[in-house]
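Peer 1: In order, the protein sequences belong to chains Y and A.
The first sequence maps to residues 0 to 1006 in numbering that gives the first Met the number 0.
The second sequence maps to residues 0 to 1006 in numbering that gives the first Met the number 0.
Just so you know, the hints here were simulated from the structure itself, not pulled from any lab data.
Remember, predicted model here, so these are calculated numbers, not experimental data.
Possibly wrong hints are sitting among the right ones.
Straight-line alpha carbon distances no greater than 20 Å define the calculated EDC-like cross-link-like pairs of lysine to aspartate or glutamate that follow [unchecked claim]: (1) K617(A) <-> E600(A); (2) K299(A) <-> E228(Y); (3) K291(Y) <-> D203(A); (4) K209(A) <-> E228(Y); (5) K299(Y) <-> D187(A); (6) K232(A) <-> E228(Y); (7) K299(Y) <-> D216(A); (8) K464(A) <-> D339(A); (9) K232(Y) <-> D216(A); (10) K20(A) <-> E188(Y).
There are 2 protein chains.
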Amino acid sequence: MNKDPGTSMTEPLNFQSIILKLQEFWAVHGCLIWQPYYTQVGAGTMNPATFLRVLGPEPWNVGYVEPSVRPDDGRYGENPNRFQQHTQFQVILKPDPGNPVELYIQSLEALGIDPRQHDIRLVEDNWEQPAISAWGLGWEIWLDGQEITQFTYFQQVGGQTLDTVAVEITYGLERILIALRDAPAIWDEPWNDTVTYGEVRQRDEYEHSKYYFEIGDVTRLRMMFDLFEAEAKSCLENGLLVPAHDYVLKCSHTFNVLDTRGAIGVTERQAFFGRMRALARQVAEAYQDQRKELEYPLIKAGSGREAQKETRPALGKFALGPQPFLLEIGVEELPVADLDSALAQLRTRVPALLSELHLEHGVVHVCGTPRRLVVSISDLADRQPDIEEEVKGPPADRAFDSAGNPTRAAEGFARGRGVAVKDLQVRTIDGGQYVVAVVRQTGRPTPRVLLEVLPGLLSSLKFDKSMRWLPPSGLPGQEKDITFARPLRWLVAMLGGTVIPFEYAGLTAGDMSCGLRPYGSPQIKIVSADTYAAGMRKNGILLEVEDRKILIETEAKKLAASLGGEVILPPDLLSEVANLVEAPFPFLGKFETGYLDLPKEVLISVMKKHQRYFPVEKDGKLLPCFIVVRNGDDQGLDLVRSGNEHVVRARFADANFFVREDLKHNLEHFRTRLASLIFQKALGSMLDKSDRIKELVDDLIFMLGLDTDDAVFARRAAHLCKADLATRMVVEMTSLQGIMGAEYARRGGEHSAVAVAIGEQYLPVPRSLPGLAVALADRLDSLTGLFAAGLLPNATKDPFGLRRAALGVVQPLIESDLSLNLGEAIQAAARLQPVSASEETPSQVLDFIIGRLRVSLLDSGYRHDVVDAVLARQGGDPARAVRAIRQLSTWVQRPDWSTILPGYARCVRITRDQTVTFALNPQACREPAEKELLAALQTAEQTPRTSGNVDDFLQAFLPMLPAVNKFFESIMVMTEDQTLRENRLGLLQRIAALADGVADLGRLEGF
Amino acid sequence: MNKDPGTSMTEPLNFQSIILKLQEFWAVHGCLIWQPYYTQVGAGTMNPATFLRVLGPEPWNVGYVEPSVRPDDGRYGENPNRFQQHTQFQVILKPDPGNPVELYIQSLEALGIDPRQHDIRLVEDNWEQPAISAWGLGWEIWLDGQEITQFTYFQQVGGQTLDTVAVEITYGLERILIALRDAPAIWDEPWNDTVTYGEVRQRDEYEHSKYYFEIGDVTRLRMMFDLFEAEAKSCLENGLLVPAHDYVLKCSHTFNVLDTRGAIGVTERQAFFGRMRALARQVAEAYQDQRKELEYPLIKAGSGREAQKETRPALGKFALGPQPFLLEIGVEELPVADLDSALAQLRTRVPALLSELHLEHGVVHVCGTPRRLVVSISDLADRQPDIEEEVKGPPADRAFDSAGNPTRAAEGFARGRGVAVKDLQVRTIDGGQYVVAVVRQTGRPTPRVLLEVLPGLLSSLKFDKSMRWLPPSGLPGQEKDITFARPLRWLVAMLGGTVIPFEYAGLTAGDMSCGLRPYGSPQIKIVSADTYAAGMRKNGILLEVEDRKILIETEAKKLAASLGGEVILPPDLLSEVANLVEAPFPFLGKFETGYLDLPKEVLISVMKKHQRYFPVEKDGKLLPCFIVVRNGDDQGLDLVRSGNEHVVRARFADANFFVREDLKHNLEHFRTRLASLIFQKALGSMLDKSDRIKELVDDLIFMLGLDTDDAVFARRAAHLCKADLATRMVVEMTSLQGIMGAEYARRGGEHSAVAVAIGEQYLPVPRSLPGLAVALADRLDSLTGLFAAGLLPNATKDPFGLRRAALGVVQPLIESDLSLNLGEAIQAAARLQPVSASEETPSQVLDFIIGRLRVSLLDSGYRHDVVDAVLARQGGDPARAVRAIRQLSTWVQRPDWSTILPGYARCVRITRDQTVTFALNPQACREPAEKELLAALQTAEQTPRTSGNVDDFLQAFLPMLPAVNKFFESIMVMTEDQTLRENRLGLLQRIAALADGVADLGRLEGF
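Sequences are here, hints too, so could you generate the full structure?
Peer 2: Below you can see the structure in the form of structure tokens.
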């Protein structure tokens, strides 16, 4: 061992020793040692040793270094641990060896990382790589808050569902070096005994960052992409899969560079992904076929895991009488949502199951942590009760002959039910005489019952995202396709002190549980079901999420108070954090006050979203600290704290870098750069879109009636609204779009109303009128343009988020109660599009928006008939429509509505089918009832009304009701005298027309 | 150690263990462990960890794997050890650690290769990589005949001379695996414990081979090259060196693919290289500047080799009287030519030096091996003799005053010469009186003298290609720029039994020599100069090359005879092999008889050129065996033999593969493929050239007067002549062009005369007329075309070999004594060119050809005046010109030439300046001498003459001589009578005109 360079008892490993150690570790554990790939890849996953070899049923265990190139992570060599090139160590274990997490932790120990002195956490990460149509479930593995590894159970790659799930372990070696040496940054750390990491790589980082961000020629890169794609296709046509894959990788890298150059718009991105995905799928498909044709040469005798299983354990002796029961489902770290969901399911299903089984029991208690789901039942009966049941047989007259002797039918029935013929009885059922067998079911001992039903209980648990992890080779006790949120790793099932050895997913339940990861996951023997909870507590595990939440909240508040501050404890974050650990231990970390200059949103977003830390504030301002919740206790706390602080510092440094770089220019500068950001091929660049928004805002200012000041602000905000998309901070964290625009506008000396409007454009409901104008213009432009370009959403896919955009049009109008003629606005937007919209496009768009409005109104609980009645007339002006719906909703609940509606309906129904509008000649109204109605109509028509107002309409109509009723009682409308008839119809048409522009009352129930 | 996978005492390493071992070995020896590069490279040299880091003075020690991609080595996974991708392990040691070869051999031992059981040989290899403007000197290292490593002392990279020479060691890991396991092929050998090399890589080899040879789209690849080049330039303009270098590498790989696709013509290749070289140079230059600006951060205190040197050893005690002297210069394996040259230089310089030093001595004997140059001198005097010398001083009258007392001048002179004033003497020198000092120089002891002069002896040795290896850091005894053919590693210098500890190149001479490499280069203590030779013999080393040659010849003949055959022992190969080893041990290897189906030229070429084996034949046919000369003895001979046989088998398999692939098509097929092989951008493809040759051959058939049969053969041969350039065998071994064409033509059923002509086209002098016609057409086309395109050779560069082409035009014509009007032929060629030649081009080409003809004639020993005289008139028809030169050479040696030439000269000289040709009116010749001369002229003019024939001309002129002389004696040519004068001039002009088309006699000496 001491021959290894840089290794000694005291000195941590250097960079190259880490690599050599990992190679050695995984070689000893059966991995083939492979090499980095010869074309730029974003991750070791893209290396064919992963991308291709994980496909199909062949075993494959491999480990290799992969210097991974991610252009947009370039920081000019200035960030302590973010680089355009970082070094991965990639491990593939296929099939799952059963203990990959434990193997992984052993490998960390080989590197000198003592899990007891650190906080090693498995944080949910649903890995997805759309460019190669791949996904898997697993975790980021955090060492003291720093992500040092991605750990994934691959489910699909290249669009192919994996026959045999492969475990992918991807170490981030720079992060590990930093952690091992508790270093503030990578640069001064040793690569080997004589040279530092920075001496080897820092200049290169600067140069490549500059190339990717500033120099790479967009036109040439686009041409390269096309050439690579064409070569990939040609390779595929000729069955050359690895060469094809090489070119897919080149496409992918070139795309990444284009993206970093800021040349790819949101919608264009989809097109690029589509092209790459199509190629990746074809490569993967063809590879699967090829391997099949070669008859899977890597499947060799003895390479599987068959025949490792001993004989089934028998049931032991059980005590008599009611016993406590314990079921512990041991699992690799569950995602928070899956943990919640599993507990909820168990809380419903266990009692249901017990009742179905007729098993008497006491309290059913379900609790759990990320690593275990626990069901405990008190006083579970030791066996099922015996049960008598009557089973209906054939009609009595067919069961017995006229002599009263049993027929063959009776004999067959008795035999089938296991009773003697003589014991058959006759009962009257539903008025007929039937033979009946009284079947006695003897209750079975609870252990036997549980042995049978527990597998079903486990398999009944369902998750939003389930995964497979077992090879399809058919281990004992394994169903064909066992899935779970994460792999099951152990089972404890005990009735009293005795094991129920049921089998599931290749596991046999026993009495061995598993302790905390920081303590090395020691085996814990469970003596009996009723001592389990105490045992877990003794081992530091808090089984109840509420206990964990209380502990975190209490401690966090104390910690914050110790600095005179208050912890920001969003409930969702608290719940999440409490379900990330089994033994929460909150502690305080700090960062440099300098970072407080960053926008608060950025800081909070980094702390909460990325790190799950609780920010601390005082008088509404952030303090330079945060609260971390570790899993475990205070061992090695300084190391753990320092690691977490390092991560925050690096992330803030990153944000700082972006903001500083961005502030070198004003928003105008970034606006011009939008020209190279494609919005959508047919619809031009983001600059084009930006220009359209500006023009459309001009129209909207008029339509919405903004005052002079607001008009000025709106125009300016529209001009600058998309500029921040070209800033680095937004390119990096898209979620900060608008927020950064507002910030930069403010810092750039724009009027605060302009800054506010820029920030509000992405809010569902902008508060300011300029913000509203910009948001509407943006959304109407997208809707109209994309509809015109034929890119409509369909039932399952809405890649451009047009549903959200439509809702974003109507909601602000409603909440601001602002009337707007959407039809006109859409026409205005359509006129600005570079693609010529078809005749129907504007009405298509309008219908689409009204459709979204309708769904949202129904969701809000309005009656669908009310909604439909109003939208049919006023859908084109959402605010007015909603006012009308609210009013109409009140009317339809009036007790006298059942008289009002029919009255009006009579006028409508009789005229509805007339294709002509008849003139009303007052002189021709001769009958008193006619005259009376005419007078009532004239009064109603002269009542002042607000356009579209339901109240106004109905208040006007209401006085007419007696006249209407009287009219229909005494007047024959459809008289044979044509003049008279037409005049009467004309009168009624005028009454029906009172609802014009208000509602189509014909759609209401009871009409 | 036994933790390493795949290692045990008996089992050889598997592929990945080789890598892990080498990483470990070099890490322990101070190397930084680096990773393969992320873009396809042909060799680890291209990785910036080599290409950039070897530049400048900074120390750099690095080791890394490099999967190296060489498209044209692809063999579809069929060849046992040739692949489009092989795995290098690259080591850079900078500066030279002093023992890199020994370290390297230790690394082989770490891999389990016992040097005693194998034949490890260092075979000269002057490494050059024109695409990156780099070169170095070193060796291929052969293990049992197989090249397993390239070992190079870099001298220049990216056009930059290296400040500090770096040692590059490049292991070929597949070759090592094969050797370690004595395997017939790589495919079934283990990568790790479970997977074979073939299972991991064979399919990939097939696919990539197919892509590179058949599928890659030439148009797209050319576009990629251009895009990559443009990006490289843009990166350079912005100071981004590593990104620029990345793109240079991409250019290089793309070029390699184009080349493998057969799309690059000979001349186009130069242009591509030029483009890549220019970029590589700029990258390297800029990198050097950058490191300088950064002040060479890797130069750290204590990293150099300073202060390692102890104090100088003092001279010991020497015996009195004449002693034998020994100088052994220990060196890493010298190239054959350098060894010869060094020995020759020592044979001249040592005696000269001894005489200069007045050292008496006996026999001087110089001998040597690749690892040592040995000078031994018998009876070397123990000291120089004393010498008396008179030194001239000032004139006597200035040295002594009138009173005879010495002046200041005398005192100063005496003091300066170290004599007393009173001892000054006066001598008569050159007629003057001078003061003279008699200076006595006391002879010094030989050891002291040698100590001073031996460094100069070593530094006086010069080589065609010298190298530097020492860092410029100024070790004691080291001059600024010490160079040698290969690094000096030890020095032995002894007078009798005592060391002369002179210092040179960082070494101090001692009494320790070094034994045979196969024995581990043990230290050998030399007891005294006279026991040296015997000691070496005892250690198995044959110091005399003649001894080695005799041994090889004797043994080789015996081995061949044992099979009933005869060894083919070309003298140059024998000399070479004898100088490749210190202890020759010939043995026999065999190969499969099946390979004898390959063309004999191919087999011999492989055995001789690639492997330095002696072929064995019987009755003119090859036997399936060969003789290898190993360095050492018979230990492990079976392994060594098997290794060598493996190599030959692989090489033959390779040739077989090509020939087999080629024979799937006929030559017509390959001819069409010439369309994608660019001859030169402006001049089109090789198919275009081929078409031009065909047309030009039509003209030449007529000009050369070929008969009907030959005309048919010539036309057919011209049609097919270049087709073999598109065959794989020729693409692989260009030296087989023509040879393969002939072979394939024959196998394809062409007339044997056609096949012969195809084969002859590349010979300097084709023997058959069809071959001659094709060769001339080819060469005239190249000359005319390239001149027309402006691609003339200059003083130092002739990239298209136009000098050779010109010689190839004249030589065959001369040797066949075939008259041809070159001017017309060139005109015909010019008319066929796709670029419009300028007016002067044809005459430029003609002058160029005549220039080469002139040089070759002068080289043959003809007098330059004779050559010039004839070429001035007949250069356009080489055969005729040479005939004339031969004749004129005889004439100018006739005793009466001194009368003939002046006679003719008188006629010429007097008319030479006349601008008008005057009419000769016989009637106007009135004087007798005039009349006589006129008559003689008429006789001469009527004598039958062959055009251009010197003899005919001079035989015709000779009889006129008396008349000429008489004429000038009696006639006044330049009379005042104009008519008379012009008539006489006209007469003389007619005489001068007799030499028209023969020679310009005015250029002859004595004219």
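Peer 1: If any of the earlier hints don't hold here, list their numbers in rising order.
Peer 2: 2, 6, 7, 10
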